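Q: Given next are the chains, with one letter for each unit.
Number of protein chains: 2
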Amino acid sequence: MPEHTVTAFDAELKEIGRKVVEMGGQAERLVVDAVNALIRRDTELAQRVVLLDAAVDALQREIEEKAILVIAKRQPVAIDLRELVAAIRIASDLERVGDLAKNVGKRVVAIEGEYHPQKLVRGVEHMSDLVLEQLKEVLDAYAAKDPVRAVEVWRRDSGIDSMYTSLFRELLTYMMEDPRNISVCTHLLFCAKNIERIGDHATNIAETVHYMVSGETLAEQRPKADASSETSIAFPGRLQG
Amino acid sequence: MPEHTVTAFDAELKEIGRKVVEMGGQAERLVVDAVNALIRRDTELAQRVVLLDAAVDALQREIEEKAILVIAKRQPVAIDLRELVAAIRIASDLERVGDLAKNVGKRVVAIEGEYHPQKLVRGVEHMSDLVLEQLKEVLDAYAAKDPVRAVEVWRRDSGIDSMYTSLFRELLTYMMEDPRNISVCTHLLFCAKNIERIGDHATNIAETVHYMVSGETLAEQRPKADASSETSIAFPGRLQG
Numbered sequence: 001m002p003e004h005t006v007t008a009f010d011a012e013l014k015e016i017g018r019k020v021v022e023m024g025g026q027a028e029r030l031v032v033d034a035v036n037a038l039i040r041r042d043t044e045l046a047q048r049v050v051l052l053d054a055a056v057d058a059l060q061r062e063i064e065e066k067a068i069l070v071i072a073k074r075q076p077v078a079i080d081l082r083e084l085v086a087a088i089r090i091a092s093d094l095e096r097v098g099d100l101a102k103n104v105g106k107r108v109v110a111i112e113g114e115y116h117p118q119k120l121v122r123g124v125e126h127m128s129d130l131v132l133e134q135l136k137e138v139l140d141a142y143a144a145k146d147p148v149r150a151v152e153v154w155r156r157d158s159g160i161d162s163m164y165t166s167l168f169r170e171l172l173t174y175m176m177e178d179p180r181n182i183s184v185c186t187h188l189l190f191c192a193k194n195i196e197r198i199g200d201h202a203t204n205i206a207e208t209v210h211y212m213v214s215g216e217t218l219a220e221q222r223p224k225a226d227a228s229s230e231t232s233i234a235f236p237g238r239l240q241g
Numbered sequence: 001m002p003e004h005t006v007t008a009f010d011a012e013l014k015e016i017g018r019k020v021v022e023m024g025g026q027a028e029r030l031v032v033d034a035v036n037a038l039i040r041r042d043t044e045l046a047q048r049v050v051l052l053d054a055a056v057d058a059l060q061r062e063i064e065e066k067a068i069l070v071i072a073k074r075q076p077v078a079i080d081l082r083e084l085v086a087a088i089r090i091a092s093d094l095e096r097v098g099d100l101a102k103n104v105g106k107r108v109v110a111i112e113g114e115y116h117p118q119k120l121v122r123g124v125e126h127m128s129d130l131v132l133e134q135l136k137e138v139l140d141a142y143a144a145k146d147p148v149r150a151v152e153v154w155r156r157d158s159g160i161d162s163m164y165t166s167l168f169r170e171l172l173t174y175m176m177e178d179p180r181n182i183s184v185c186t187h188l189l190f191c192a193k194n195i196e197r198i199g200d201h202a203t204n205i206a207e208t209v210h211y212m213v214s215g216e217t218l219a220e221q222r223p224k225a226d227a228s229s230e231t232s233i234a235f236p237g238r239l240q241g
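Residue numbers (full-length UniProt numbering), protein chains in the order written: chain R, 1 to 241; chain U, 1 to 241.
Keep in mind the hints are simulated off the structure, nothing from the lab. Quick caveat, the model's predicted, so the values are computed rather than measured. Don't take each hint at face value.
[Said to hold, decoys possible] Sample of chain U residues lacking proximity to chain R, with all beta carbon distances greater than 10 Å (derived):
| # | residue |
| --- | --- |
| 1 | L45 |
| 2 | E64 |
| 3 | D129 |
| 4 | E170 |
[As the list claims (entries may be wrong)] As a list, the in silico DSSO-like pairs of lysine-lysine whose alpha-carbon atoms are at most 30 Å apart:
| # | chain 1 | residue 1 | chain 2 | residue 2 |
| --- | --- | --- | --- | --- |
| 5 | U | K73 | R | K14 |
| 6 | R | K19 | U | K136 |
| 7 | R | K66 | U | K145 |
| 8 | R | K66 | U | K14 |
| 9 | U | K19 | R | K73 |
| 10 | R | K19 | U | K66 |
| 11 | U | K145 | R | K73 |
| 12 | R | K145 | R | K19 |
| 13 | U | K73 | R | K73 |
| 14 | U | K136 | R | K73 |
| 15 | R | K145 | U | K73 |
| 16 | U | K73 | R | K66 |
| 17 | U | K119 | U | K136 |
| 18 | U | K119 | R | K66 |
| 19 | R | K119 | R | K66 |
| 20 | R | K14 | U | K66 |
| 21 | U | K66 | R | K145 |
| 22 | U | K19 | R | K66 |
| 23 | R | K73 | U | K66 |
Virtual Cβ for every residue (Gly too), placed ideally from N, Cα, C.
Starting from the given sequences, assemble the full structure and let the hints guide the process.
A: As structure tokens, then:
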């Protein structure tokens with residue numbers, strides 16, 4: 001390709017990478033706000049999260065379209081092509097992260113004013129801190145094109161999953177102890193599940209960053225420790241599975 | 001393009017379309033089996049669903065890679081480009097459908113042998129019938145490149161959402177009436193949510209089919225009637241929201 005074309009192509013690649021980083025920042029912000037809204041029972045903040053998710057969706061479509069057009073126009077190969085494919089995949093994961101944050105926001109509005117012992121929220125808060133750290137780390141790994149950092153994020157996901165599983169049991173136990181907790185705990189269970197799935201998307205992004213830089217997919221079995229969907233808890237509060 | 005190239009390109013497009021239809025059939029099968037496993041409490045079938053999801057994931061990557069390579073190689077425009085973008089988007093939705101079916105399968109295994117009144121499952125069954133009909137319809141709309149059928153699917157999603165919302169309340173009420181129902185109902189709530197989200201992916205696919213054929217995105221506000229995340233239910237069983 002003549003010099004000027006190469007330069008234009010590089011500029012297009014950089015522009016798309018910038019958009020992905022921008023989208024990551026917006027998605028991260030939505031998660032932070034959704035979790036804070038839950039902890040502080042701030043329904044106004046929760047409603048703002050629900051509204052702002054649309055901007056993240058719009059960015060996803062923009063990134064996808066730009067990347068596809070560049071692929072069609074430049075016929076890139078190797079690392080260049082992988083960067084564009086990675087942008088499409090990561091934008092798709094970040095769009096889901098935004099949806100999950102929005103759903104947490106909706107549930108904060110739902111449980112407004114309900115009997116709502118703070119200790120019930122603490123477990124969700126603790127898990128959220130880990131998930132947000134994962135999201136931040138993997139977005140930094142993407143910006144730095146650092147596969148080692150991406151693999152570290154990827155390995156840590158199992159910690160979040162096992163935390164979710166014990167939180168799941170804890171919330172079920174609260175429901176059994178006092179039926180007044182059932183409605184709030186059900187919404188908290190869904191919030192916890194949404195946040196745990198945000199962690200899964202961070203793991204997807206880690207796999208994409210690794211593939212983008214190295215050209216190899218993480219062959220190793222993905223770490224999985226969310227046993228909650230296999231977890232049963234018998235009345236009264238006896239733990240199984 | 002010289003004749004033979006056009007023919008080769010058409011063959012590539014058809015091949016990718018066939019793969020998407022094949023993937024749709026596999027994802028649909030997983031949902032049917034997961035729901036049947038839930039209704040019949042057939043844990044063997046449920047375990048098969050969990051295993052077979054990997055094949056759907058593999059097809060998604062294959063479709064994505066093939067479509068991207070064809071875009072890079074052929075520089076398609078207009079309908080041809082939209083068909084390839086649609087294949088990438090639909091494969092991504094179908095991959096999520098497979099994951100959601102897998103999650104239902106895991107929960108069937110989890111609640112094995114638990115106190116499990118059949119009436120609790122009936123609501124989920126009824127909703128699943130509608131969702132499966134939607135999935136079947138939208139896959140037919142894709143195969144037939146029929147935007148009218150796609151729009152019909154798109155409009156019907158709100159019916160599933162409102163059915164999910166009432167099911168959500170019903171299950172919460174069961175939990176409050178008898179704490180022995182809490183563990184099973186919690187898993188059924190997640191199953192119902194997974195199935196409702198399969199309906200959302202059918203709606204996404206409908207939007208993609210409409211875009212693929214017409215080149216226009218469905219501008220109209222997407223029909224939304226899942227109010228469950230805003231639904232609260234106070235003890236004892238008084239309905240709100």
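Q: Failing hints, ascending?
A: Structure breaks hints 2, 6, 14, 18, 19.
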